[in-house]
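Starting from the structure of chain A, add chain B where the hints point.
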Amino acid sequence: MHLSLILVLLLQVALILALSRVMGVIFRYLHQPQVMGEMVAGIMLGPSLLGWLWPGAFQYVFRPDTVAGLGITSDPTAYLNILSQIGVIFFLFLVGLELDPTLLKNRGHTAVVVSHVSIIAPFLLGSALALYLYPNLFNDAPRMRFTSVALFMGAAMSITAFPVLARILTERNLHKTNVGAIAITCAAVDDVTAWCMLAFVVGIARADGVGPGLKTAALSIVYVSFMFLVVRPFLRQLERVHDREGRLSQNVVAIIFLLVLVSAWTTEAIGIHALFGAFLMGALMPKGTRFVRTLSEKLEDYTVIFLLPIFFAYTGLKTQVGLLDRGELWLDTGLIIAVACAGKFGGSTLAGRACGVSWRESATVGILMNTRGLMELVILNIGLTEGVITPAVFAMMVIMALVTTALTTPVLQLIYPAARFATDEARAKASVARRAYAVLVSVALPETGATLARLAGMLIGPTAPAAVDAKGKTSSKASLEPGRLIALHLRRPVDHEAYRAGLDEESTPAVDRVELAPLLNSARSAGQSSEVEALSFVSRDVANDICQVALAKDVDLVLMGFHKPVFGQLLLGGTVHKVLSQCETNVAVFVDRGFGQRFGASSPDADPTKPLRILVPYLGSRHDRLAMELASRIGRNTGASVTVLHVVPTMRGNANVRTMDVKGAVDRVFHDPSQPAPVEFRVVPDDSPVAVVVRESAAFDLVIIGVAEEWGLESHLFGWRPERIARECPTSLMMVRWYANAAGAESEAEKTTMTSAAPEPKAVVAP
Amino acid sequence: MALKIDNATAVYAIMIALFAAGMWAILAYGSTLRAQPDLAGEWELVPEAGSDQSSRQAERVTIEQSGRFVRLQSRAKNSSIGTLAMKILPPDEARPTMPEDPVVLTADGERKAAFTPVEGSNSYRVQLPDGATYRAQLVAPAHARPTAAAKPPATAPLTAPMTPHAP
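Line by line, the protein sequences give chains A and B. In the numbering used here, each number is its position in the first sequence, counted from 1, plus 246. Take the second sequence: its position 133, counting from 1, is numbered 114 in the numbering used here, and each next residue is one higher.
The shape of chain A in the complex, shown without the other chains (with noise of 0.2 Å):
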């Protein structure tokens, strides 16, 4: 069949785009960055695994023998190469705008040290192991002397993907510590150094002889003196433009592009190699404001996702994986892997402990320092088009660069696991008020967040309950202790923090946070006297990460909402179903059925003085224990009035030993001499428990309800049994799991309030 020329392009582009974004997101699942998916499609769209296993699709769309209109090349793949430079220098540009001078300044000894070595020690190894790879690997042409090829070495293993190591860092929240400050630091101090190295490899290749190289050098003293004399001024011009007009004109962005053309020409021109000069232009742009955002924006999606992927796939077209097939070949390989780990790896480590920063900590950095990622495959590539590599080598430094970005996240989550450092720290700081009842309150919609604000402030209370020392004894200054509330917004990463720090985004203070306004309002409004601390972050994992914090918060009970699944109908699936089956601590995951309408002041129906209804559904289960615990605590804190209502079959028995165990059981449990209203204690025989609840359920304002097996909840964590009760309930609902080791399960305290004199609830049996 003939194809023509466009046919045949959008024919790559479209199957490049579509493989990238799949391993893009399976990558994502696999906990690697996104780029990682997209570097490894490029390498499956080339002749090391498509051209492999199927060489006749893969001669289909990317060798096509019969193209008609094939212009100025007889290579139909020759197009790919044209747009993926094309992205490449915007990338570079892209790249440049996001570099933040201000990183460089201002940093401690480390950083400044750590850096430098983190250049100097892979570059010496790089350019040492061209020693003895030069003999073996490389060929006796012009543009592949011995100078080159050594230095083009020591570039390609000093490299750091700033972008990929800047998404680690957002993702895993290190970037507001001490080590996520020394790694960026020494990624952009990596970035400015290998791009001017480049730069330099690519003039003493091209040049051929000392004039030459001369006129080179002299030339790009020139074109760097007038970028930063005559263009900066004006981007700083324009800039003013942006402001008054209070958009970004199309104009002024035709401009921008233009100014990116013209510089990438002449470095092109220079000898020096077009991408440093996209990259220098986006450096030169002023930094930190919105016309350079907005700006960012704009050519972001275009460049990241339609022109970058396409220079994945042209590099995995070159990429020859099937050149390796020779195990000495692979042990070069391996080589090339160790040496390159050794230099960064070990050479960022090593410089961070001579600092005084402990092994641990200079490990983490080191491994961060080792991504390569994409920026890797930017400088192969211009290796190979130069001739300063060859064909093995290149796809030897291919593997490379993929290993030792794939190697990050696994080693970072060994050597450094954030979630127990920051356990560690938490727990350090709230044994002095462990005994203030915290609740975490984990915010997915801004709507949602003042009911469980008021929720929480409810089960927390304007005290804390008394605590108990050693002795036995009411300590009068912790039961003063106010409860701690901990307001939590996980944000999913967005897309753009693919490539981009993103970091400019995560200096929004927490409690600034559009999501978290309406808790941290209702919080205050009600004069909560409970210490609100306010988080957020990105997260890969929602569910996982909410069970860290509230580990590493050492707090009494997680309070979620619930909000119906955009695929599937179960209630209690999906994240809430991994939180509840995966905390180590007491979980609440609250349905709101007219419960925010109470107290919401637009609301006909808000009344927030009259007292809540309770209702607490009870079969004797741990579950429902903890779920009569939280309706005590709330009937303590606002005088609401609480049921517990046991069904009990119609023709069984030892029913009224059953009973007797649990009322026994709400004795303890509401034997509070500061419990206000009275608790009911209603005994209704039935063969059907859950219909029996949906249906009492209905004069009540609350119902709180363990997830027991009884109550057809429990066993949804583990199959597929109808959550009834949560479907079909007319009231709002509090299904709560309990925890044995929650931090406050059994608390001495709770024991203390438990027993001590109080009124018995009446007992009723229904008719």
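Derived by calculation from the structure, the hints in this document are not laboratory data. Incorrect hints may have been included.
So these bits of chain A aren't anywhere near chain B, every CB distance computed over 10 Å [said to hold, decoys possible]:
no., residue
1, Leu263
2, Thr323
3, Asp386
4, Arg389
5, Phe472
6, Glu514
7, Arg572
8, Ser887
9, Val938
10, Arg941
11, Tyr985
Sample of chain A residues at the chain B side, in silico, Cβ under 10 Å [to be verified]:
no., residue
12, Ala396
13, Phe552
14, Pro637
15, Val936
Fair warning: this is a prediction, and the values are worked out from it, not measured in the lab. C-beta atoms are modelled at their ideal positions from N, C-alpha and C, and glycine is treated no differently.
For chain B alone, kept in the frame of chain A given last:
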């Protein structure tokens, strides 16, 4: 006047000095190394006249080379030979004017092809294991070649059969 240097400055000075010394040593030693002869590119192979290969046609072969490792791909047959190892033979003292060292390409120790430079031209005589011999010329080098000063131009086009190379 004594010059006072703090620790940090001293560390940096030592670091830079080590780096400079290391790079100097690497580049100095590296300049004595020799990479493999560059055969990469597209070759035209013409059967040598007089040999028992009258039925053979001239053909184009692409050599993809990474140092010692070489791949041959025949355009006409659309076939590829796996990676071959290149071995440089000792200089032939009998023919000191030879522009390049002769090389052989081997796979698993078995000789697959021998490239012997032809005196007075930039072409090679290629000998295959089955005894067939070709006159080969690099028509499209993969890497830019030095200008004519370094290598003499081809003395004759290779489109016509040539006389056998004297052993």
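Results of checking the hints against the structure:
1. Leu263: Holds, since 29 Å exceeds 10 Å.
2. Thr323: A/Thr323 clear of chain B: closest Cβ-Cβ about 16 Å, beyond 10 Å.
3. Asp386: Contrary to the label, A/Asp386 does not stay out of reach of chain B, its closest Cβ about 4 Å off (not over 10 Å).
4. Arg389: violated (6 Å)
5. Phe472: holds (30 Å)
6. Glu514: Check passes; 17 Å lies beyond 10 Å.
7. Arg572: violated (6 Å)
8. Ser887: holds (70 Å)
9. Val938: holds (76 Å)
10. Arg941: Nearest chain B Cβ is 78 Å from A/Arg941, so the label holds.
11. Tyr985: holds (51 Å)
12. Ala396: holds (6 Å)
13. Phe552: violated (31 Å)
14. Pro637: Hint holds; A/Pro637 Cβ to chain B Cβ min 5 Å, cut 10 Å.
15. Val936: Where the cut-off is 10 Å and the nearest Cβ of chain B is about 70 Å from A/Val936, the hint is violated.
The earlier numbered hints that this structure contradicts are 3, 4, 7, 13, 15.
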